[in-house]
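Asks: Here is what each chain is made of, one letter per residue.
2 protein chains.
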Amino acid sequence: MKIDKNTIKNYDKIYRTNLINSLSGLKSAFLIGTINENSQTNLSIVNSVVHIGANPPLIGFIQRPTSVERHTYENIINTGYYTINAVSRKMIEQAHQTSARYDRSTSEFEAVLLKEEYMSNFLAPFVKESPIKIGVTWKEELDIKANNTKLIVGNIEFLEISERLINDHGNIDFFSAECAGVIGLDTYFSPQKEIRLSYAKPTQPLKREKL
Amino acid sequence: MKIDKNTIKNYDKIYRTNLINSLSGLKSAFLIGTINENSQTNLSIVNSVVHIGANPPLIGFIQRPTSVERHTYENIINTGYYTINAVSRKMIEQAHQTSARYDRSTSEFEAVLLKEEYMSNFLAPFVKESPIKIGVTWKEELDIKANNTKLIVGNIEFLEISERLINDHGNIDFFSAECAGVIGLDTYFSPQKEIRLSYAKPTQPLKREKL
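Protein chains in written order, with the numbering used here: chain A, 1 to 211; chain B, 1001 to 1211.
Heads up, a few of these hints could be off.
Unchecked claim - Computed beta-carbon distance windows for the label pairs:
#: 1; chain 1: A; residue 1: Thr66; chain 2: B; residue 2: Lys1145; range: 13 to 23 Å
#: 2; chain 1: B; residue 1: Lys1009; chain 2: A; residue 2: Asn78; range: 42 to 52 Å
#: 3; chain 1: B; residue 1: Lys1009; chain 2: A; residue 2: Asp143; range: 22 to 32 Å
#: 4; chain 1: A; residue 1: Asn148; chain 2: B; residue 2: Arg1104; range: 48 to 58 Å
Think of the hints as simulated: they come from the structure by calculation, not from any bench.
Here a beta-carbon is modelled for each residue, glycine too, at the ideal position from N, C-alpha and C.
Model the full assembly from the supplied sequences, consistent with the hints where possible.
Replies: Following this line, the structure appears as structure tokens:
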């Protein structure tokens, strides 16, 4: 079935939002932790974290238009610090609940019963229950003119992760970490192992490694 | 275990690349199809496709530095047209093999035995075997100064997808489509259903829908 952009434009808003949000497919669910000048913390689920570069280590995410109140974005801009925390299967409902529009005086940490964790003199709060925690500082933001969203790029300052979750190749083991993924805005999945493949070369067959 | 940015910097290059690429977690695997002015086609796997917006429908991906030859990027810039095609489980090895450095005169479609498909007078080639095909036109590109990568933003012109792969809410069914995901550069997974949750509100418990 062909669905063209005029058809998409005429869809009911929720249907269209679900269709186009889900189109970019399988994503990791992460929680962004921040704090403001009054020590008020904030926690917000994102499904748009993207790899930017390994050297220097950089990580990005897409920020929705800031025309409405965006506590996470304001805290990142005002302090320069934020944390990115992987969502495990056990945390799916709590993580999803952070997307509710709480007022500014409510910390989502308290509202959804996830624990703040502070470490290494890093200003922003981590999520204690998360198996993969990343301390990030603001580096750069890019304005996407087409729809007033932004790409926020951050420096990876440090990771906090169990040694057993990194394999000999340097790959993080999202399977053993029992991390959750999300499709669109509301559909959660867990990853099931398929295969690891060797570096591809034009004239050489791929080597397969069973996971 | 804490791993700080100095430790990361001093890691062996491949280990560091794997660690930081895998850190952004679960991603859908997609193939980008393009064509140049001499009708030479190109196919390239990407793991950085990201949702930009639903109205107008926009989709993005991160382009590696263009200091070396980048056939896909050149074709997108020169023609304005490209396709984004979801990778199914059956196509994992062929899709991965497109990352080999073939010379310009080789089409990855031929090299990995995936079929070109043309439709709706759209210039760029789709991947016939893919269950979810998106026709995209170049809209905007943003230079990430930190490391010379780019965010390429495209207009979603149309989708080609089986009607049975879109549910009543508008969500695309990546489970039935048997789509594959990738972690880092070499580790493939398939999604296993967990749960669908209702729109979150501050004072209302979430409704769960078993998938």
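Asks: Against this structure, judge whether each hint is valid.
Replies: Structure-based check of each hint:
For A:Thr66 paired with B:Lys1145, a C-beta distance near 21 Å keeps the hint of 13 to 23 Å intact. At about 28 Å, the beta-carbon gap between B:Lys1009 and A:Asn78 misses the expected band of 42 to 52 Å. In this structure the supplied range 22 to 32 Å holds for B:Lys1009 paired with A:Asp143, their Cβ-Cβ distance being about 30 Å. As the Cβ distance of A:Asn148 to B:Arg1104 is approximately 38 Å, the hint placing it in 48 to 58 Å is violated.
Violated hints for the displayed structure, listed by number in ascending order: 2, 4.
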